[in-house]
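Asks: Required output: the full structure, derived from the provided sequences and hints.
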Amino acid sequence: MIFKAGYPETVVDKILQVTLQSNNFAYFAIDDQGQLLNHGGELSSLGMPAWKPGQVILDDALFLSGYLPMSRDYEYIESWETNAGNIIDVHLFDDQDQTWIILVDKTSDREWESSARQSGNELRLLKQRMQQSTDFVPDGEPHTQFDFFESLNMMALVANEDGSFARLEPVSDRFRSIYPESTETSQSLYPQRKFPFVENFLVDAREIWKDAGNPRRIRSGPWIEDDRGSEVALEAIALNWKGNNLLFLEVLDEGYHLNQSFLQIGREGVLMNQVLEKEVRKQTLEIRAREEEIALRLVCAADSRDDGETGSHIRRLGLYSELIAKHLGWNDADAEEIRIAAPMHDIGKIGIPDHILKKPGQLTESEFDIMKLHPEIGARILSNSDSPLVQMARDICLGHHEKWDGSGYPYGLAGEKIPISARIVAIVDVFDALIHRRVYKDEMPTDKAILLMQEGRGLHFDPELLDLFVKLKEQMTEIAFDYSNPIGDDLNEAASIFNDIHLLRPKV
Amino acid sequence: MSKFKVCMLGAFAVGKTSLVQRYVHSIFSEKYQTTLGVKIDQKSLHLGDKTLEMILWDLAGEDEFINVRDSYLRGSSGGVLVADGTRAETLDIAFQLRDRLFAEVGQVPLILVINKSDLRDQWTIDTAQFEQLREDGWQVLETSARDDSNVEAAFRALATRLLAMNSS
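Sequence order for the protein chains is A and B.
Numbering-wise, the first sequence is residues 7 to 514 according to the working numbering.
Numbering-wise, the second sequence is residues 2 to 169 according to the working numbering.
Among these hints, one or two may not hold up.
Cut-off 30 Å, straight-line C-alpha distance, at most; resulting in silico cross-link-like pairs (DSS-like, lysine-lysine) [what the hints assert, rightly or not]:
{"hint": "1", "chain 1": "A", "residue 1": "Lys-355", "chain 2": "A", "residue 2": "Lys-423"}
{"hint": "2", "chain 1": "B", "residue 1": "Lys-32", "chain 2": "A", "residue 2": "Lys-284"}
{"hint": "3", "chain 1": "A", "residue 1": "Lys-200", "chain 2": "B", "residue 2": "Lys-51"}
{"hint": "4", "chain 1": "A", "residue 1": "Lys-447", "chain 2": "A", "residue 2": "Lys-378"}
{"hint": "5", "chain 1": "B", "residue 1": "Lys-32", "chain 2": "A", "residue 2": "Lys-288"}
{"hint": "6", "chain 1": "A", "residue 1": "Lys-454", "chain 2": "A", "residue 2": "Lys-332"}
{"hint": "7", "chain 1": "A", "residue 1": "Lys-454", "chain 2": "A", "residue 2": "Lys-479"}
{"hint": "8", "chain 1": "A", "residue 1": "Lys-216", "chain 2": "A", "residue 2": "Lys-200"}
{"hint": "9", "chain 1": "B", "residue 1": "Lys-4", "chain 2": "A", "residue 2": "Lys-200"}
{"hint": "10", "chain 1": "A", "residue 1": "Lys-284", "chain 2": "A", "residue 2": "Lys-332"}
{"hint": "11", "chain 1": "A", "residue 1": "Lys-454", "chain 2": "A", "residue 2": "Lys-355"}
{"hint": "12", "chain 1": "A", "residue 1": "Lys-477", "chain 2": "A", "residue 2": "Lys-447"}
{"hint": "13", "chain 1": "B", "residue 1": "Lys-51", "chain 2": "B", "residue 2": "Lys-4"}
{"hint": "14", "chain 1": "A", "residue 1": "Lys-364", "chain 2": "A", "residue 2": "Lys-447"}
{"hint": "15", "chain 1": "A", "residue 1": "Lys-200", "chain 2": "B", "residue 2": "Lys-44"}
Where chain B lies over chain A, by a calculated footprint (3+ residues, C-beta under 8 Å) [claimed, not checked]:
{"hint": "16", "stretch": "223-232"}
{"hint": "17", "stretch": "267-280"}
These aren't lab readings, by the way, just hints derived from the structure by calculation.
Even glycine gets a Cβ: it sits at the ideal position worked out from N, Cα and C.
Replies: Right under this line is the structure:
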């Protein structure tokens, strides 16, 4: 055993320092002349100078001006800025013949102030006990002259060579119930058998103890034990002090519950955010689905004047385009936009007269010139919108008859000057038209259609996009098959209503 | 009697503590109470003619506030990976913790538990991937600590694997 009768003052100082540092406190004690008696914790980390006992420090600690000598037991100075620019809170405790001062950093709040106040009081009590205890009372227990560790809710143990531990203090009431076995002996305790958590921690502790010159201490982090039906949080601390392997078991109490409260609040906030985000995502999807439905119904109604176009055709066009976009690495939102925008590619046909649009035979040159206006008409309909979706639809309207070699219309754009969305739709529009029957032509087998389209590689179509399209042939065919029938009675209904209205219109 | 250290691993609020409480103490609390630190419980169970004791380490959930200390995983014989069916992202966190467990103790028996099956209508997790996981040899169970659904089965499934590992 190392401590047979009370702790040397240096031990007390060491333990105090460990405790103070772990709680981000520092303290110093001065007499009524401003002379430093003692200090602990990391004063320098709080921006205080490196004082030495006996030094008069009032000139460095201007925040004490007017407070000393103290007229009350306790004073509190909030948010003082030190010369080093640190913001500190200061707690002053009058200890009759000297003054204890506790410093707390600016991250404090009301709970921390309370904690600081409590720590200050504990230190005062501790010091009073130190002064009051002058006699060692042998009682068969290793015993200090004050209940130091009890006041800190700690049990102090020193490691024996055989793996057991010797207790350095009488068992406090707190540990009597948490660790009843510790009352049976003070010499050969095995906290690792009682607490599996400690057994695990001792692996790390032994690493620290191996190196006698290593002043480092390690903390286990909190663990929870049952104490007469309620939970109590503990933490183990291991350190090596002058060759002695010390293990402290600490009841965390307020500090733990405070941290747990913060964590609870933080996590509940995160959970709430997740719920809200999920709800926003869900509602966005619903809105997007409604937008898509409205767009499809209107486009279908407009296109219904053109006997070649059907509701299923415009749906397929969107799906083909989305498939290509995804394989180009577009994000989900952009791929979704082209699915909705692509069906609007021919919306400009609404401005083409019936006798041209519905003409069963070949168009004359002048008729074709009028027909070629539909991309610009569509673009005008969709212009001046802030919506990225509508802007993309406009690009598609305007560019889906442009050709890679510049021979298309309306502007004869070439290559990448044609927006990519329009280049995609140019491919899938031709593909879908080829493989489906129209009143003026039979359907073409898929392979034959693709062979035909490949003749336009680098002429009509963007070569790289066409290659990708060919790679996706099977999935394209699946879409074509899945949506091969005039699906969506709802859409066709919308189209027929539009037609009825249109037929009632007087012919000019 | 064989003793096995088993870690409960998963993101925060997936129900690790609730599963342990349900399994060990047959209780369930509706209130979410975050775990800070480690809570250790023990449970003995009989499998055929064998008895084993599981030392269940209920670790604080992993998130931006708290990291599971690797030292807590030391000496683990197995683990219960817990994900929340209503929060798909918790499955990724469970797998990240699996990797850390394997790095610490090697390949030990695990089961994957998708908790909160009582809220199945709110699940965002893609259950189709369970089939792939099962094909890869994972034991995947859908549990509810609230309804006490599959909780015992999950721990017994792990116990069976632990015993099999122990005897091999």
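Asks: Three or more residues of the stretch 267-280 of chain A near chain B by CB distance under 8 Å?
Replies: holds (count 8)
Asks: For Lys-447/A and Lys-378/A, compute the direct alpha-carbon distance and say whether it is at most 30 Å.
Replies: The hint holds at about 21 Å.
Asks: Below or equal to 30 Å on CA atoms is what counts here, so check Lys-32/B against Lys-288/A.
Replies: holds, 26 Å
Asks: Given the hint that Lys-454/A pairs with Lys-355/A, test it: the Cα-Cα distance must not exceed 30 Å.
Replies: holds, 29 Å
Asks: Within 30 Å, alpha carbon to alpha carbon, are Lys-477/A and Lys-447/A?
Replies: Between Lys-477/A and Lys-447/A the Cα gap is close to 27 Å, so the pair holds against 30 Å.
Asks: Given the hinted pair Lys-200/A and Lys-44/B, is their Cα-Cα distance within 30 Å?
Replies: Holds - the C-alpha atoms of Lys-44/B and Lys-200/A are around 16 Å apart, at most 30 Å.
Asks: Does Lys-32/B pair with Lys-284/A here, judged by a C-alpha cut-off of 30 Å?
Replies: Given that 30 Å is the threshold and the Cα spacing comes to 21 Å, the pair holds.
Asks: Is it true that the CA of Lys-4/B sits at most 30 Å from the CA of Lys-200/A?
Replies: Holds - the C-alpha atoms of Lys-200/A and Lys-4/B are around 15 Å apart, at most 30 Å.
Asks: Between Lys-454/A and Lys-479/A, is the straight-line Cα distance small enough, at 30 Å or below?
Replies: Holds, at about 12 Å.
Asks: Examine the stretch 223-232 of chain A for residues whose CB is less than 8 Å from any CB of chain B, and state whether their number is three or more.
Replies: holds (count 4)
Asks: Does the structure keep Lys-454/A and Lys-332/A at a Cα separation of 30 Å or less?
Replies: Cα-Cα ~25 Å, so holds.
Asks: Quickly compare the C-alpha distance for Lys-364/A and Lys-447/A to 30 Å and report which way the hint goes.
Replies: holds, 15 Å
In this structure, every one of the numbered hints holds.
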